[in-house]
Amino acid sequence: MVERNWQPSIATADLKKRAQLLSATRAFFSAREVCEVQTPIVAASGNPDPHIDSIAVDLSAGGYEAEAGYLNTSPEFCMKRLLVAGSGDIYQLCSAFRAGEAGRWHNPEFTILEWYRLGFSMQQLMAEVASLVEQLFGQKLPQQSLTWAQVWSNAGIDSSSEQALLDALASEAIDVPAGLTLAELQDLAFSMLLQPQLGRDGLCFVYHYPAEQASLARLDADNPNVAERFELFWQGVELANGFVELANANEQRQRFQQDNLDRHASDKPAVTLDEKFLAALESGLPDCAGVAVGFDRLVALLLGQDRLAGALSFSAERS
Amino acid sequence: MATYSTNQFKNGLKLLVDGDPQSIVGNEIVKPGKGQAFNRVKLRNLKTGRVVERTFKSGESVEAADVHVTDLQYLYNDGDTWYFMDNTTFEQHGADATAMADAVMWIKEQDECTVTFFNGAILSVDAPTQTVLKVTETDPGMKGDTAQGGSKPATLESGAVINVPLFIEIGNEIRVNTETKEYLGRA
Chain A
1 MVERNWQPSI ATADLKKRAQ LLSATRAFFS AREVCEVQTP IVAASGNPDP
51 HIDSIAVDLS AGGYEAEAGY LNTSPEFCMK RLLVAGSGDI YQLCSAFRAG
101 EAGRWHNPEF TILEWYRLGF SMQQLMAEVA SLVEQLFGQK LPQQSLTWAQ
151 VWSNAGIDSS SEQALLDALA SEAIDVPAGL TLAELQDLAF SMLLQPQLGR
201 DGLCFVYHYP AEQASLARLD ADNPNVAERF ELFWQGVELA NGFVELANAN
251 EQRQRFQQDN LDRHASDKPA VTLDEKFLAA LESGLPDCAG VAVGFDRLVA
301 LLLGQDRLAG ALSFSAERS
Chain B
1 MATYSTNQFK NGLKLLVDGD PQSIVGNEIV KPGKGQAFNR VKLRNLKTGR
51 VVERTFKSGE SVEAADVHVT DLQYLYNDGD TWYFMDNTTF EQHGADATAM
101 ADAVMWIKEQ DECTVTFFNG AILSVDAPTQ TVLKVTETDP GMKGDTAQGG
151 SKPATLESGA VINVPLFIEI GNEIRVNTET KEYLGRA
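Heads up: the sequence lines are chains A and B, in that order.
If you use this note's numbering, the first sequence corresponds to residues 1 to 319, in order.
If you use this note's numbering, the second sequence corresponds to residues 1 to 187, in order.
Because the hints were derived from the structure by calculation, they are not lab data.
Among the hints, a few may not be true.
Okay, derived cross-link-like pairs now, DSS-like style, lysine-lysine, Cα gap no bigger than 27 angstroms in a straight line [stated by the list, open to error]: (1) A/LYS268 <-> B/LYS57; (2) A/LYS276 <-> B/LYS34; (3) B/LYS34 <-> A/LYS268.
Just so we're clear, the structure is a prediction, and the values are computed from it rather than from any experiment.
Next comes chain B alone, as it looks inside the complex (with noise of 0.2 angstroms):
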């Protein structure tokens, strides 16, 4: 059982606290000038993304989580398990829908995701923070009018609607950012 001292804490470290694999993402020593110290530890919950602040006696041990992150192909999809691939091995790995999340609504075959591995099963999935998406539907298009404002919701051909320009059509290629979920320009 690998273990991490409270003196390597760092932020990107992850644990495994109440059962479940957590993600450093704040670490502040408190100690009175003359007693025992605490590390204050702002944890990211891998599964359910909640943060939580704890704190450990500084010197404890805890078991670290067997826990990895990788960029894999998604190939496909059945009905209920999305399936990648890691194009050095050629392994495939499914995930679920829990794991899949949000990615779903942004991800078309061949995309590289980057995918966290917990105890050997896909544990989360996420989308190419950038990418290019097909517009399936779409109010009819204000055509040469590129300076005005304004924007109206499109449906992407992943399953995503976000706002875009007035003049996007159904059939245009968009560049998206999937983390703001917004449009960033024609492909």
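So that you can see chain A by itself, here it is in the shape it has in the complex (with noise of 0.2 angstroms):
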């Protein structure tokens, strides 16, 4: 059989255009003195995130210390040493990695923006997030700030009453699988029905996420339900999430065991923790605000592609 899937996913000149936006990213930093770093693309201990799965790899040929490891499904323990030990206001590009994320948005190997600044607010880093995507777009974009409380309110739904979640799927035709959890509903319900709406005018945040969804964020001194933790959609994408970052050592590890206990209930495997990032916080990590930026998926936006391969050189099917 002929092999017809020697061709890049990209077209030529969007390949030049993607050149031209690694380069206007690193001069975005540049000009504002966050330093690029790169850290190591295997990981000793995998993501405990109950709904990110790690790829492991072998170690046992050696070179490292560990038998087997795993690809990084992102930068953020690595590059948070780095902050304790003192490196300042940082940024990197660089490959992550998550088993089983393939589609139209997805694709298990791709590339991501991160970077963290000191002493910054949630609101100071949104701005810059902002500033970023506009100075690579080549112009001013709409802006607006939703809490995740008012994208389900603005849509009219009761986003803690099952029955109305179930309702609003429904009425849309979205076929839900029996046996789902509250939170899985909610995530069901913001994918389907209210994610493709936000962003379509310009750029959208949505802050304070539930306490539950903190993930690695510090939670708001004033209101503990929510969590310092935003995201940016545009055109209905999702693409960049930020946290204030949780610095307390003791207060990350129980959540970690919480994570491991979410991936006991859903048959995964508990992930070892990554004793050198907790031992760092124990060190203590300075007051900063850090964001992820899907950075293939911003690029396929900027270059008018309707799907993430349009972005990137060979995507999964075709590596």
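Assemble the dimeric complex from its two separately framed chains, guided by the hints.
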């Protein structure tokens, strides 16, 4: 059989535009004196996040301390270790890997743009994310900021009611698998009903996610029911996830342990905690905010593509 | 019982959903930034042909349908069963009218047909995409005028009726596309 999949996923002209976007991104951070760093792609520990699956790699051939490792799902832990060591503001453009994530806006291997700013508030970091997107886009964009709760109330859906979520999904003829938890119903309804409408006219920041979805974000000091976590949506596509970073090592350890309980509940193997990361937090993470941008998604939107593959030299099925 | 994880989903995979064999014709993953992922899957029911969209929680396993597709030679029809032969094993298999569906209109003896089996029985039969069939009935031809447009219905030896150019006559053998039901040319 003739192999037809040798050709790139991206158009040749777009390949050059992607290169320009990469250098413009580096110029953006250089002008702000944020230092570019590179951290290892192979990690000794996987990501405990119950909704993220790491790709295991066999390291038994030697060279590494461990026999087995994982491809990075994000450079977060290593970058925070650099922050603890006194790196100051840093950014990274690197490949990240997540098992099973393949689709129109997903590729198991993708480029993350992640950066950390010392002393930044959530609002300051959201403003900087918007500046970067506008600079790459070449013009100003309308901006909107909504709390997670506002997004639901604007849609007229009571996110605390299982029945309301089921009704809303049914009204759009969306089939719902049996036995979903309230959180899973919220995830499905958010993805199917709310997200496609976010950022239709410009950049839409959603912030103050519920504490249960805090991930590695600090809880809001005034309202511990919500986390200082935000996401950016543009044209219905999720582009960025940012936190005011949780610095408390004990709280972080408890969240990881809870992650492992959640993994157990969904029949996923527990993840060995990254003790080097936790030890770094013990030493004291400076007050900072950080954000990860799905760089390939951003490039795809800037290129006017309607799928991630249009921004990738070779998507997974062609790699 | 064979199963597939949602991570293995791709077009053409055959699943057993609601008791029917269904083929994946579209697979989209939706996932909030930090949250449960779902596979939104378009499934074509191999019995009815209907396409429905279903949601699966990513990571779930779904039962595989025991479906396989193979090329068999059409032998003959005895009234309510159409018989096919596997040319490597010489095994014969029968298909009923439901499984035959539209294919009966397009096949003649010796044709190689694409046959889909479900749980060991013939589920559906596809006629060859291109075939040659004899015209058994049509209005008198208009000889010598091959350039002129226009068409007329013609009945083929297999039973199908398609539009053919005016110069085609009874007894002519013509090439047809069985999917688009179009005349392709004289054989």
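Hints versus structure:
no., hint, in the structure
1, A/LYS268 <-> B/LYS57, "holds, 14 angstroms"
2, A/LYS276 <-> B/LYS34, "holds, 23 angstroms"
3, B/LYS34 <-> A/LYS268, "holds, 16 angstroms"
In summary, this structure violates none of the numbered hints.
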